[in-house]
Amino acid sequence: MLRDLRPAVVLVALFTLLTGLAYPLAVTGLAQFVATNQANGSLIWREGKVVGSALIGQSFASDRYFHGRPSATSAADPADASKTIDAPYNAAASAGSNLGPTSAKLAARVKADLAAWRAGGGVGQVPADAVTTSASGLDPDISPANALSQVARVAKARGFDAGDVRTLVEASTARRFLGVIGEPRVNVLELNLALDGLQQPRPSAAIKSDLEPK
Amino acid sequence: MNLAGWSEIALTLALVAALAIPISALIARIFAGQDTFLSPALAPVERAFFRLAGVDPHKEQSWLGYTTAMLTFSAVGFVSLYALQRLQNHLPLNPVGFDAIAPDLAFNTSVSFVTNTNWQNYSGESTMSHLTQMLGLTVHNFLSAATGLAMAFALVRGFTRSSVTTVGNFWIDMTRITLHVLLPLSVVFAFVLVALGVPQTLQGSIDATTLEGAKQVISIGPVASQEAIKELGTNGGGFFNANSAHPFENPGAWSDLLEIVALLLIPVASVFAFGRAVGDPKQARAILASMAIFLVAGVGAVYAAETYGNPILKTLGVDSSAGNMEGKEVRFGQAMSALFATGTSGTSTGAVNTMHDSLTPLGGLVPMFNLLAGCIWPGGVGAGLYGFLVVAIIAVFVAGLMVGRTPEYLGKKIEAREMKLAMLAVLIYPLVVLGFTSASVLLKTALDSLNNTGPHGLSELLYAYASTSANNGSAFAGLNGATLWFNTTLGLAMLVGRFACVIPVLALAGALAAKKKVPASAGTFPTDGPLFVGLLFGVIVILYLLQYFPALSLGPIVEHFLMLDGKTF
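Taken in sequence, the protein lines are chains A and B. Each residue of the first sequence is one higher than the one before, starting from 1 at the first, in the working numbering. Each residue of the second sequence is one higher than the one before, starting from 1 at the first, in the working numbering.
Misleading hints may appear alongside valid ones.
As the list claims (entries may be wrong) - Label-pair distances were calculated between CB atoms; the ranges are: (1) Ala14/B / Arg6/A: 24 to 32 Å; (2) Leu545/B / Ala116/A: 41 to 49 Å; (3) Glu47/A / Ala10/B: 45 to 53 Å; (4) Leu30/A / Ala18/B: 24 to 32 Å.
Claimed, not checked - Straight line, CA to CA, 27 Å or less: simulated BS3-like cross-link-like pairs of lysine-lysine: (5) Lys567/B / Lys420/B; (6) Lys105/A / Lys314/B; (7) Lys516/B / Lys282/B; (8) Lys215/B / Lys49/A; (9) Lys444/B / Lys282/B; (10) Lys516/B / Lys413/B; (11) Lys517/B / Lys59/B; (12) Lys444/B / Lys105/A; (13) Lys111/A / Lys567/B; (14) Lys215/B / Lys83/A; (15) Lys111/A / Lys314/B; (16) Lys567/B / Lys105/A; (17) Lys59/B / Lys516/B; (18) Lys444/B / Lys567/B; (19) Lys83/A / Lys314/B.
To be verified - Over the 12 Å line for every Cβ pair with chain B, so calculated as not near, a few chain A residues: (20) Ala75; (21) Asp77; (22) Ala79; (23) Asp80; (24) Gly121; (25) Val151; (26) Ala152; (27) Phe160; (28) Asp161; (29) Gly163; (30) Arg166; (31) Val169; (32) Glu170.
These are calculated hints, taken from the structure and not from any lab test. The beta-carbon is built from N, C-alpha and C at its ideal position, and this holds for glycine as well.
Take the sequences, apply the hints, and build the full model.
Put into C-alpha cells, the structure is as follows:
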C-alpha cells in the first residue's frame with residue numbers, strides 16, 4: 001500500500017489539474033468565445049434588461065399571459081429559514097414533486113389545479129401537462145393542446161381577437177424534426193413575449209432576442 | 001406509444017452501435033498497450049505523468065498489486081474530495097458563498113463520486129461551490145470511470161493470457177484510459193452540448209425580471225464540461241438537483257438523444273473491445289445480444305406503462321393521451337423519457353431526465369429491476385463488462401452441471417475457486433440491499449424521510465439501496481437521504497457494492513491468468529451462439545428476478561394493482 005502512495009497522490013493531483021481545472025476552464029474559454037449566447041444561459045433581453053432564459057420556464061399568474069405547467073419548486077421561508085414555502089419556477093432550486101402515482105397529495109393537487117383550469121375557461125378533459133408538475137419544476141414548454149385551451153382566456157383578458165391569438169400559438173408551436181425527433185411543444189416565455197409584441201407598434205425593435213431561429 | 005417514439009428510440013440505439021465500433025477499436029488498442037491516433041500528442045504527457053508518479057511503464061502487477069493500487073488510488077481520491085467539501089467556504093470560486101459541507105454528507109458524497117455512483121444527497125446548485133464541482137466532482141467523474149474500465153481490462157487479461165502471474169498495471173491502464181478515451185470524448189461532447197444550449201460560465205447566478213415583474217434568480221455555472229463526462233463516464237451526478245431534467249443540463253430533444261447515446265456508448269464499445277481482445281467478435285455479440293434483450297424489453301415496458309398513464313388521474317378528468325406527465329418534461333415526451341430511464345439504470349449512470357419516483361408502478365419497476373441486477377445491460381464503464389462476465393461464468397457453470405463436464409469459458413477451465421469468487425461477487429448485493437431496506441423499514445427516523453407512503457414508500461427505500469449498492473446513483477428522489485442514517489448506510493452500501501464486488505473480480509482475473517488455455521474440443525459448450533444467449537437470460541432471471549421477487553411484489557407490483565383499484569395513500 002505504501003509503495004502505491006506516491007503514484008496515487010501524484011496522479012490524483014495531476015488529474016485534478018488536468019480534468020478539474022484545465023478541462024473545464026479551456027471549455028469555458030472557448031465556449032464563451034464561439035457560443036457566447038448559449039454559454040451564458042440563452043438569455044432574453046428586453047429594453048436592456050434580462051427578462052429570463054429561453055430555456056427556463058417562469059411563473060405566470062395573470063390572465064393576460066399563457067401559463068406554464070404547475071411547478072413543484074420551493075424556497076426557504078423568509079419568516080423561518082428552517083422551513084420551505086412553495087415558490088414555483090424557482091430557478092435556483094430545481095425540483096420535481098416526487099409524488100408517486102398512488103399519492104393522495106398528488107390526486108388532491110391535480111383536483112385543485114383542474115378546478116382552476118375550468119375556472120379559467122377550460123372545457124372537457126384537461127391536457128395532462130396542464131395539471132402535472134415537471135421533473136425540474138422549470139419546464140419552459142407546454143403542449144400545443146394546453147396552449148390552445150388558454151387562447152380564449154388570454155384573448156378576453158387582452159381584448160384581442162381569439163383568432164389572432166390562436167394564429168400566434170400555432171406560429172409558436174415547435175414540431176418534430178423530420179417527424180421523428182422531439183415533441184410538439186410551445187415555449188411559454190417566447191409565446192408571451194410575442195403576445196406582448198402584438199400590441200406594441202414596433203415589436204421587432206423592442207425585443208432584442210439573440211436566439212437562434214427555430 | 002407511437003411510431004415517431006419508437007423510431008426515435010431505434011435511431012438512438014443505432015447511433016450507439018455505429019459510434020461504439022470506432023471507439024471499441026480505440027479501447028482495444030489501449031488494452032493491448034498500443035499507441036493510438038492521439039499518441040503523437042499524448043505520449044509525452046503520459047511519460048511525464050509516469051515519471052512524476054514514479055511508475056515504471058514496463059512493469060506489470062499481480063492481481064493483488066493491481067488491487068492495492070486501485071484501493072490506494074480510491075482512498076486518496078476520497079480524502080481529497082472530502083477535504084475539498086469541508087473547506088469549500090475558505091477556497092476560491094465560490095461565487096454564491098456556500099458553507100462547508102457537513103461531515104456525514106461530505107462522507108456520503110465522497111464515497112459516492114469515488115465509487116462511480118454519484119448518488120446525491122445534496123442539491124448541486126444550492127450546496128456545492130464551482131470549485132467543488134470542478135476540482136472534486138468532475139475529476140472523480142473521470143477517475144472513477146477510468147478505474148472501472150481498468151478493472152475490466154484486468155479481468156479480460158485473465159482470459160487472454162495463459163500461465164502468467166500478472167494482469168497489467170493499474171496506473172498505466174487508468175492513466176491511458178483517461179487521456180486517450182475519456183478526456184478527448186468529453187471535450188468534443190462538451191462543445192456539442194454548449195452549441196445545443198448547455199451553459200458553460202464561471203458566473204454563479206443570473207438575476208432576471210420576469211414579464212410579470214417578479215425577480216427570478218437563475219443558477220448557472222460550468223455545466224457543459226461536467227455534463228459531458230457525467231454521461232460518458234456513466235457517472236450521473238448532476239450539476240443541478242433536477243439532473244438531466246433541468247433545461248440547462250438537457251435543453252432539448254437533440255441534447256437528450258445525444259446524452260442517451262453518450263451514457264450507453266463506452267459500455268457498449270467495451271463489449272466490442274472485449275471481442276477484439278479475445279480475438280473472437282462472436283463472443284462479444286452473444287453478450288451484447290443478451291444485454292440488448294433486457295434493455296429493449298425494459299424500454300418497451302416503461303414506454304407502455306407510462307403511455308397508459310395513471311388511471312387515478314384519468315378518473316378526475318385528465319386527458320390520458322399524453323400518458324403520465326407527472327415528473328416529466330414536455331420536450332422529451334414519453335418515448336425518450338422511457339429510453340433514458342432504462343438506459344440510465346441499465347448502465348450505472350443514474351442521471352435522470354424524468355423523476356423516477358413519479359413513474360407508474362410498472363414503469364418504476366423496470367429501472368428498479370435493472371439496479372437489482374447490478375446495472376449490467378450494458379452496465380457502467382468497465383463495471384458492466386466485468387459484471388456481465390461474472391454472469392457468463394455462472395452460466396457456463398450451470399451448463400457444465402447439466403451435461404456433467406468441467407465448464408470452460410474462452411478456453412479457461414472454471415473450477416471451484418473461480419466459482420466461489422464469482423458467487424462472492426454477486427451474493428453480496430442481496431445482503432446489502434435487503435438487509436438495509438429491512439432495517440430502514442423498522443426505524444422511525446428512516447421512515448420519516450419518506451415522501452410517499454403505502455407500497456410506494458417501500459419502493460423508495462428498496463430503490464435507494466439497490467441504486468447505491470449497484471453504484472448507479474439514480475433515486476426515487478422523494479426520499480430525503482440527507483440524514484445521518486441514510487448518509488451513513490447509503491455510503492456503506494456504495495462502498496460494499498463497489499469494492500466487495502471488484503476484489504473477488506480481480507482475484508478471479510489473477511486465478512484465470514495463471515491457468516493454461518485449453519483448446520476447444522467437441523465437448524466444449526459454445527458461448528457464441530443463441531443457445532448461450534438463452535442460457536444467460538435464464539441465469540439472470542433466476543439469479544436476480546427470483547431472489548428479489550418477494551420484495552418487488554410488496555413494492556411496485558402491489559402498488560400497480562392498488563392503483564388500478566383507485567386506492568391512494
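- Message: Are any of the numbered hints broken by this structure? If so, which, sorted upward?
- Response: 1, 5, 9, 19, 20
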